[in-house]
Structures are given as C-alpha cells and as structure tokens.
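K.L.:
Residue numbers (our numbering), protein chains in the order written: chain A, 1 to 116; chain B, 1 to 113.
To be clear, the hints were calculated from the coordinates, so they are not data collected in a lab. C-beta: ideal position from N, C-alpha, C; glycine also. Among these hints, one or two may not hold up.
To be verified - Restraint ranges, calculated between C-beta atoms of paired labels, are given here:
id: 1; chain 1: B; residue 1: R9; chain 2: A; residue 2: T30; range: 35 to 41 Å
id: 2; chain 1: B; residue 1: P39; chain 2: A; residue 2: S14; range: 24 to 30 Å
id: 3; chain 1: B; residue 1: T80; chain 2: A; residue 2: H82; range: 22 to 28 Å
id: 4; chain 1: B; residue 1: R15; chain 2: A; residue 2: Q45; range: 31 to 37 Å
id: 5; chain 1: A; residue 1: K61; chain 2: B; residue 2: S79; range: 38 to 44 Å
To be verified - No more than 20 Å apart at the CA atoms, straight line, and that leaves these computed lysine to aspartate or glutamate pairs for DMTMM-like:
id: 6; chain 1: B; residue 1: K13; chain 2: B; residue 2: E101
id: 7; chain 1: A; residue 1: K61; chain 2: B; residue 2: E101
id: 8; chain 1: A; residue 1: K68; chain 2: A; residue 2: D85
id: 9; chain 1: A; residue 1: K61; chain 2: A; residue 2: D85
id: 10; chain 1: A; residue 1: K61; chain 2: A; residue 2: E88
id: 11; chain 1: A; residue 1: K49; chain 2: B; residue 2: E82
What follows is each chain in one-letter form.
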Amino acid sequence: AQSVTQPDIHITVSEGASLELRCNYSYGATPYLFWYVQSPGQGLQLLLKYFSGDTLVQGIKGFEAEFKRSQSSFNLRKPSVHWSDAAEYFCAVVRLMNSGYSTLTFGKGTMLLVSP
Amino acid sequence: KAGVTQTPRYLIKTRGQQVTLSCSPISGHRSVSWYQQTPGQGLQFLFEYFSETQRNKGNFPGRFSGRQFSNSRSEMNVSTLELGDSALYLCASSWGQGSTEAFFGQGTRLTVV
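Let the hints inform the model, and build the full structure from the sequences given.
P.N.:
Written out as structure tokens, the structure is:
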C-alpha cells in the first residue's frame, strides 16, 4: 500500500540557514506527492505538489522539492529560513483505496523550529 | 473566493455524549474529506463524500459517521464520545476528480472530558 515516511520528528534550523526536510514514499507507479504546512492551531496549507514532468517543483513561500524516483524521495528545501517558517510540515501521497477512489495519506510530520 | 469553513472551531463535550461538526467546502467543490489529527497518530483519514455519497472510508469505528448535503456541505457525527476522540478534526474539499489537490479548513478542536 502507498505510504509516506518522514524520518525526522523535529528539526531546528538557524534563521537564514538552508533547510531540507526528508520524505520517502512507497508506491509502485509514479506517485502524486504533496507538501503541506500547518501553523499551530490552523489547518493545512498546500506548499507544492508533484504529478509528473520536471522533477524539481517550485512552491509558495520560497519552497521547492525534488522528486527522486531512484531514492523514492520527495525532499522539501528552502535556501534561507525565516522565523515565520516555524511550523509543522507534512508530506503526503495520493493513495488508491479499495473503493477504487483515491485519498491522501500523510506522513507523521516534521516540526520545524527556527532559532535566532 | 471563500475557503473551507469549519464550525464550530472549538468544542468541549462529556464522555458518552454525541457531537456534530460541520464543513462548508469551497464553492464549486463537490468532494469533502474528513481527517482526525492527534499527537500520537498524526493525520488519519476518516471518510470522503462526493455528490452526497460516501466514496471512501478509513479505519474508524461505526461511532464515526458523516453525510453530505446537496449543496456539498458536510457534517460528521461522533456518538458515545470517548476520551480518545479528543482531537483536531480537519475537513478538506476538492473538485472531486480524485484527491489530487485538497484545500483544508482550520479544523474543529474537540475536547472530551
């Protein structure tokens, strides 16, 4: 079954430093992959998505992610982190259910802390 | 264009009671999905409705149910509340042609005491 693993529960980055959040997926075919961000007490906001084509995708707020089929990874990156980026980040994959319809399956999330 | 609206934002209920949460999707969206988010289990899929029909269901007990109305608004109901039902309940809407892009509401924080 399709699944997503985010190996890091917490990551602390200094403001202005670069960021990479890891995501590994399990899926037989080309997956539909997403990164969402959640600020405390809020819902999820879509940062970027990958369906096909160019393996480097650009998202909002200066984020990008690279799809690497050989490594089953879809890591999120940002060259320079701002204090406002502190939040929880979720990687997700579209999963096919027994019904024949699909839904989103999320990783456990990575909490990003930004130090001054 | 208005986003996904969930009401109420916060709710406190007593064990054994039932609760109904509401979700109004983005105008034109026909699919509504519900998720439960807890610190221990993360985001877990509850169910999805499309055109008033339940299309997908996650692995939750029958105490969790939902429905969708002709205007695409959706409600979820939890009966005989347990302490473990305390969670953030998130609703997401999409056009309906597969969950390729979902837009989330701010959630309803349910606390069971």
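K.L.:
Would you mind marking each hint as holding or not holding in the structure?
P.N.:
Structure-based check of each hint:
Separation of R9/B from T30/A is about 38 Å and conforms to the stated range, judged on CB atoms against 35 to 41 Å. The beta-carbon spacing between P39/B and S14/A, approximately 26 Å, falls within the hinted interval of 24 to 30 Å. Hint check: T80/B to H82/A, Cβ distance near 45 Å, so the stated range 22 to 28 Å is violated. As the Cβ distance of R15/B to Q45/A is approximately 33 Å, the hint placing it in 31 to 37 Å holds.
Separation of K61/A from S79/B is about 40 Å and conforms to the stated range, judged on CB atoms against 38 to 44 Å. Distance hint between K13/B and E101/B is unfulfilled; the C-alpha atoms sit about 33 Å from each other, more than 20 Å. For the hint pairing K61/A with E101/B, the CA-to-CA distance comes to about 18 Å; that is within 20 Å, so the pair holds. In summary, the hint linking K68/A to D85/A is not supported, as the alpha carbons are separated by about 24 Å, beyond the 20 Å threshold.
A hinted pair counts as satisfied when its Cα atoms are at most 20 Å apart, and K61/A with D85/A qualifies at roughly 9 Å. Distance check on the hinted pair: K61/A and E88/A sit about 15 Å apart at the alpha-carbon level, within 20 Å; holds. Distance restraint check for K49/A and E82/B: the Cα-Cα separation of roughly 36 Å exceeds the 20 Å cut-off, and the hinted pair is therefore not satisfied.
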